[in-house]
Amino acid sequence: METLRKNTSRRKHPFHRPPFVVSFARMNSAPQLRTLLVLGRVSNLPTVWSNCLAGWWLGGGGNFWKLPFLFVAVSLLYTAGMFLNDAFDEGFDRQRRAERPIPSGKISARRVWQLGFVQLALGLLLLLACGKTAFVAGVWLTFFILLYDFTHKFFTASPWLMGACRFWVYVIAGATGAGGLNGFVIFSGLALAFYVVGLSYVARRESFRGPVSFWPLLLLASPIILALAMNVAEYRKAVLWLSAVLLLWLARCLRTTFFGGERNIGWLVTNLLAGIVFVDWLAAAPILAPASNALIFLALFGLTKWFQKFIPAT
Numbered sequence: 002m003e004t005l006r007k008n009t010s011r012r013k014h015p016f017h018r019p020p021f022v023v024s025f026a027r028m029n030s031a032p033q034l035r036t037l038l039v040l041g042r043v044s045n046l047p048t049v050w051s052n053c054l055a056g057w058w059l060g061g062g063g064n065f066w067k068l069p070f071l072f073v074a075v076s077l078l079y080t081a082g083m084f085l086n087d088a089f090d091e092g093f094d095r096q097r098r099a100e101r102p103i104p105s106g107k108i109s110a111r112r113v114w115q116l117g118f119v120q121l122a123l124g125l126l127l128l129l130a131c132g133k134t135a136f137v138a139g140v141w142l143t144f145f146i147l148l149y150d151f152t153h154k155f156f157t158a159s160p161w162l163m164g165a166c167r168f169w170v171y172v173i174a175g176a177t178g179a180g181g182l183n184g185f186v187i188f189s190g191l192a193l194a195f196y197v198v199g200l201s202y203v204a205r206r207e208s209f210r211g212p213v214s215f216w217p218l219l220l221l222a223s224p225i226i227l228a229l230a231m232n233v234a235e236y237r238k239a240v241l242w243l244s245a246v247l248l249l250w251l252a253r254c255l256r257t258t259f260f261g262g263e264r265n266i267g268w269l270v271t272n273l274l275a276g277i278v279f280v281d282w283l284a285a286a287p288i289l290a291p292a293s294n295a296l297i298f299l300a301l302f303g304l305t306k307w308f309q310k311f312i313p314a315t
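Just so we're aligned, residue 2 is where the sequence shown starts under our numbering, counting upward by one.
Be aware that one or more of the hints could be misleading.
Here are the computed lysine to aspartate or glutamate pairs in the EDC-like style, where the Cα-Cα straight-line distance is at most 20 Å [what the hints assert, rightly or not]:
id	residue 1	residue 2
1	Lys107	Glu91
2	Lys154	Glu91
3	Lys310	Glu100
4	Lys107	Asp94
5	Lys154	Asp90
6	Lys154	Glu100
7	Lys107	Asp90
8	Lys154	Asp94
Pair ranges (Cβ atoms, derived) [claimed, not checked]:
id	residue 1	residue 2	range
9	Ile226	Leu296	24 to 30 Å
10	Thr134	Tyr236	24 to 30 Å
11	Glu91	Trp307	26 to 32 Å
12	Ala122	Ala234	45 to 51 Å
13	Leu296	Leu248	18 to 24 Å
14	Arg98	Lys133	37 to 43 Å
Simulated from the structure, these hints should not be mistaken for lab results. Since this is a predicted model, take the numbers as computed values, not measurements. Where a beta carbon is used, it is the ideal one built from N, C-alpha and C, also for glycine.
Turn these sequences into a full structure, and let the hints steer you where they fit.
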């Protein structure tokens with residue numbers, strides 16, 4: 002009789018779930034994966050990876066075993082900054098952007114704060130494997146991330162803080178390379194920083210439908226100006242045609258600014274962000290073989306545009 006009861010009990014639960022299935026079911030009760038991807042603006046991660054590659058190559062390359070630590074660490078610092086951006090902006094988003102994950106109730110502000118700081122800590126911890134200089138640069142990057150997230154809604158010069166964040170990514174990557182930091186890493190990092198600052202100011206002016214000042218456009222073109230100034234002789238050819246690529250992309254992004262038409266601020270910012278890959282490509286062009294150069298950076302650009310179809314870039 003006892004055996005019969007056991008068999009009957011088993012028949013009542015023919016789909017008894019093993020432990021790992023139960024764990025997975027519990028995971029589904031947490032915030033959905035898409036909510037986390039939106040919070041982290043992960044569609045922009047390929048631009049961060051292109052920053053890392055360009056800075057690492059300019060720093061001499063090598064130290065291949067450090068590359069996984071570099072990529073994961075900087076990716077974590079980036080997504081941490083995006084999480085904390087939403088956490089700091091909770092009040093603003095409740096009034097102006099109710100569709101964002103926190104005000105829409107998809108995730109609590111407390112959880113976002115927690116996940117943001119955990120990612121910051123993990124990112125810094127992983128940078129220890131990239132060397133002391135990379136770690137110190139990571140501390141500076143963390144400082145500028147927090148400063149930007151805290152001040153960007155009321156500090157009019159906050160785009161310069163955003164540019165500084167990208168500059169420190171170059172420094173971290175350059176320090177990871179076998180040759181370490183050098184002038185090419187620093188100046189290329191500055192050129193990228195200026196591009197990001199120009200991007201931010203153009204986007205801000207476009208949102209007000211006012212005339213665009215000249216100096217932000219000059220900042221967007223600063224990578225081209227610097228590349229032409231720093232590369233001469235046999236390096237000039239690669240720089241010239243890649244400068245043309247970046248210039249054509251900028252012209253495409255800003256065509257409504259100059260020639261009129263319906264302005265789409267989201268489209269503008271999204272495409273200028275994707276253009277960061279072209280800035281990195283231009284920086285690394287003189288030191289890489291054209292074929293491998295084109296394959297890697299075009300793949301990262303395509304990946305950025307593909308991700309942006311599913312996850313908002315801003």
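Need the status of pair Lys107, Asp94: alpha-carbon distance at most 20 Å?
holds (13 Å)
Checking one constraint from the list: CA of Lys154 to CA of Glu91, max 20 Å. Satisfied?
holds (11 Å)
With 18 to 24 Å as the target window, see if Leu296 and Leu248 comply at their CB atoms.
holds (22 Å)
Given the proposed pairing of Lys107 with Asp90, does the C-alpha separation stay at or below 20 Å?
holds (15 Å)
Given the hinted pair Lys107 and Glu91, is their Cα-Cα distance within 20 Å?
holds (13 Å)
Return holds or violated for the Cβ distance of Glu91 and Trp307 against the range 26 to 32 Å.
Taking Cβ atoms as reference, Glu91 and Trp307 lie about 30 Å apart, which means the hint holds.
In this structure, is the beta-carbon distance linking Thr134 and Tyr236 contained in 24 to 30 Å?
With Cβ atoms ~27 Å apart, the hint holds.
Taking the beta carbons of Ile226 and Leu296, is their distance inside 24 to 30 Å?
holds (27 Å)
Would you check the hint for Lys154 and Glu100, treating anything up to 20 Å between C-alpha atoms as holding?
holds (18 Å)
Lys133 and Arg98 - C-beta distance against the hinted 37 to 43 Å
holds (40 Å)
Given the hinted pair Lys310 and Glu100, is their alpha-carbon gap at most 20 Å?
Holds, at roughly 18 Å.
For the pair Ala122 and Ala234, does the Cβ-Cβ distance stay inside 45 to 51 Å?
holds (46 Å)
Violated hints are absent here; each numbered hint is respected by the structure.
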